[in-house]
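Sequences are here, hints too, so could you generate the full structure?
Each residue of the sequence shown is one higher than the one before, counting from 1 in my numbering.
Mimicking DSS-like on lysine-lysine, the simulated pairs with C-alpha atoms at most 27 Å apart in a straight line are:
(1) 256 with 158
(2) 134 with 81
(3) 181 with 249
(4) 227 with 256
(5) 126 with 158
(6) 235 with 256
(7) 29 with 249
(8) 126 with 87
(9) 181 with 158
(10) 87 with 212
(11) 256 with 181
(12) 195 with 235
Ranges between beta-carbon positions, derived for each pair:
(13) 148 with 220: 43 to 53 Å
(14) 50 with 285: 38 to 48 Å
(15) 87 with 109: 40 to 50 Å
(16) 278 with 50: 29 to 39 Å
Read the hints as simulated data drawn from the structure, not as lab findings.
Even for Gly, the Cβ is constructed at its ideal location relative to N, Cα and C.
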Amino acid sequence: MKRLFSIILATILALSLFVIGHADEYVVKVSSPSGAPGLALVTLAVQNPENYTYLTAETITAEFANETADFIIAPLNAGAKLYKAGKSTYQLAAIVSWGNLFLASQRENFTLEDINGGTITMFGEKNINSSIAKFVLAENGITPGNIEYLAGASNTQKLMLSDAQAIVLTAEPALTAARMKNDKITAYSINELYKAVTGHDGFTQAALFVRKQTLENHPEVVDNYLKLVEESCDKCATDIETVAEAAAKMEILPNKKVAMLAIPNCSIRYMSALDAREQIEITANIDLEQFGGTVPSDDFYYGTK
1 MKRLFSIILA TILALSLFVI GHADEYVVKV SSPSGAPGLA LVTLAVQNPE
51 NYTYLTAETI TAEFANETAD FIIAPLNAGA KLYKAGKSTY QLAAIVSWGN
101 LFLASQRENF TLEDINGGTI TMFGEKNINS SIAKFVLAEN GITPGNIEYL
151 AGASNTQKLM LSDAQAIVLT AEPALTAARM KNDKITAYSI NELYKAVTGH
201 DGFTQAALFV RKQTLENHPE VVDNYLKLVE ESCDKCATDI ETVAEAAAKM
251 EILPNKKVAM LAIPNCSIRY MSALDAREQI EITANIDLEQ FGGTVPSDDF
301 YYGTK
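Next comes the structure, spelled out in C-alpha cells:
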C-alpha cells in the first residue's frame, strides 16, 4: 500500500512539475511585414500563427514604439534611424534580406541603356530602396533623364503592366506576379548591379531586431530563437517548396506558384549583426540620411560587449 501511495505521489509531483514548467515557458512574440521579408520567418510562423503579427509600412514605426513584440523584422534603415533618435530600444540581431529589387519593362529588347536619358518610375521616394537603385545606376554609368515616384512596388508593377513603354523599379514577388500575366517583361537585378560595384551579393535591406527588455530578462530565449530564425532563412535556399507552402498558407505571398518562382529572387539569408557590420556600413554610407545622419553606433548591434 505504501509503495502504491509512493508511486501515485511521485506521478502527481511529476505532472505538477510538467505543468509548472510549461506554464512558465516564455512565448516569443514576433512582428514582420508580409511579402519578401516575411519569408525569413514563415516556416516558424506557420507553426504558431497566433504569435506572429504582420505589419504594413505605415505601422512599423508604431510597432517599435509600442515595444510589445520580442522581435521585429523591418527595413534596416528604419530600425537604425529610430534607435539613433531614441525612439526605439530594439537592437539589431541579424540581417535577413539582401535585396529583392529589379529594373523592369515590357519594352521589346529592353536593355539598361534605355534608361540613359529616359524616364524611370521608382517606388518609395526618399527611402533606402530608391537610394540603392539610383546609386547602382550612377556607378554603372547609367543616368536617367527623369525619375518619377509611386508609393510601392505594387504600384510600379501596375504601371509596367498598363504601359508598354514604362521602365520601373519593382520588387519580388510583384515582379513574378507581373510576369505570370505578361511574359514579355524583361528584368535586371539591382543586386547584380550592386555586386559589380561593391563585390557583395546584395545590400543589407531588411533586418531582425530584438527588444532590449527581452534581451535582459530572457537572454537564452533570444539565442535559441535566433538559431531557429537562421534555420528558417536557410530553408529559403534548401527547401523552397516548404517555404512556398507556408507563405501561401500564411497569405504573405499570393499563392504557392508565385512563391516558388519568387523566393530564389528574394535573397533571404541570415547573417548576425556583428558579422554583417561592414556591409551595413556600406549600405548606410550610400544614403546616410536614411540612417539618421551617421552609421549605426556600437550599442545598436546585439552582441557588442
